[in-house]
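Novice: Sequence:
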Amino acid sequence: MVIDLINNKIQALYLTLFVSSCLLFQPIRSFEVSKNSDVLVLNKDNIASAIQQNEFIVITFYAPWCPYSKEWLPKLEETARILKKQKSNIVMARIDADSEANSVVTEIYKIDGFPTILLFKKGSSNEYTGKRNPSQLIDWLKTWTKNDQQKK
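Mapping to full-length UniProt numbering: the sequence shown position 19 is 19, numbers consecutive.
Hints listed in this document are in silico derivations from the structure and should not be mistaken for laboratory results. Note that CB positions come from ideal geometry on N, CA and C, so glycine has one too. Wrong hints could be hidden among the right ones.
Derived Cβ-Cβ restraints for the label pairs, each shown as a range [claimed, not checked]: (1) K70 <-> D112: 13 to 21 angstroms; (2) E107 <-> P64: 17 to 25 angstroms; (3) D45 <-> D139: 26 to 34 angstroms; (4) Q53 <-> R81: 18 to 26 angstroms.
In silico DSS-like links for lysine-lysine, alpha-carbon gap of 27 angstroms or less [what the hints assert, rightly or not]: (5) K110 <-> K87; (6) K142 <-> K84; (7) K121 <-> K131; (8) K75 <-> K146; (9) K75 <-> K87; (10) K75 <-> K122; (11) K75 <-> K131; (12) K70 <-> K131; (13) K75 <-> K44; (14) K75 <-> K110; (15) K142 <-> K85.
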């Protein structure tokens, strides 16, 4: 319990330092959205600002060669469409975590398997470990964001 708390604090500190350095030394980059897609495409240059600018953002760290990632990405698109229809403020995004250009991101978030799905909420992250299907992910997201969305 104490070790988990310390690890969460350390992860939050790394995230804060990463976000701060990105904001200080690089211009904020725009986010790419694929045609006919509601999923943001992130990279090392814009992930920090995406996390900072969105109250809730779910980022899938994937590898293009991974069969589990290939299976999940269309379901990610479906999840984003469902959330958009529900007028949710939860943003769905993806990042090629196997790309050499994004290796720093993989290290910061300790990504060691694909796909890894993280919900970022107020600078902290929670990993989704349930079944990779839209309905179960959405149920999990509603649980994690319920109190924050009711305050509005």
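Novice: With a cut-off of 27 angstroms on the C-alpha distance, tell me whether K75 and K44 pass.
Specialist: holds (23 angstroms)
Novice: CA of K121 to CA of K131, is that 27 angstroms or under?
Specialist: holds (21 angstroms)
Novice: Straight-line Cα separation of K75 and K87 no greater than 27 angstroms?
Specialist: holds (18 angstroms)
Novice: Indicate whether the distance between the beta carbons of E107 and P64 respects the range 17 to 25 angstroms.
Specialist: holds (19 angstroms)
Novice: Range hint 13 to 21 angstroms: satisfied by the CB atoms of K70 and D112?
Specialist: holds (19 angstroms)
Novice: Tell me if the straight-line CA distance from K70 to K131 falls inside 27 angstroms.
Specialist: Distance of about 15 angstroms is within 27 angstroms: holds.
Novice: Are K142 and K85 close enough, with their CA atoms no more than 27 angstroms apart?
Specialist: holds (15 angstroms)
Novice: Given the hinted pair K142 and K84, is their alpha-carbon gap at most 27 angstroms?
Specialist: holds (14 angstroms)
Novice: Is 18 to 26 angstroms right for how far apart the beta carbons of Q53 and R81 are?
Specialist: Holds: the Cβ-Cβ distance is about 21 angstroms, inside 18 to 26 angstroms.
Novice: Mind checking the alpha carbons of K75 and K122 for me, to see if they're no more than 27 angstroms apart?
Specialist: holds (25 angstroms)
Novice: For the pair supplied as a hint, K75 and K146, confirm whether the alpha-carbon distance does not exceed 27 angstroms.
Specialist: Given that 27 angstroms is the threshold and the Cα spacing comes to 22 angstroms, the pair holds.
Novice: Holds or violated: are the alpha carbons of K110 and K87 at most 27 angstroms from each other?
Specialist: violated (31 angstroms)
Comparing the model with each earlier hint shows a violation of hint 5 alone; every other hint is respected.
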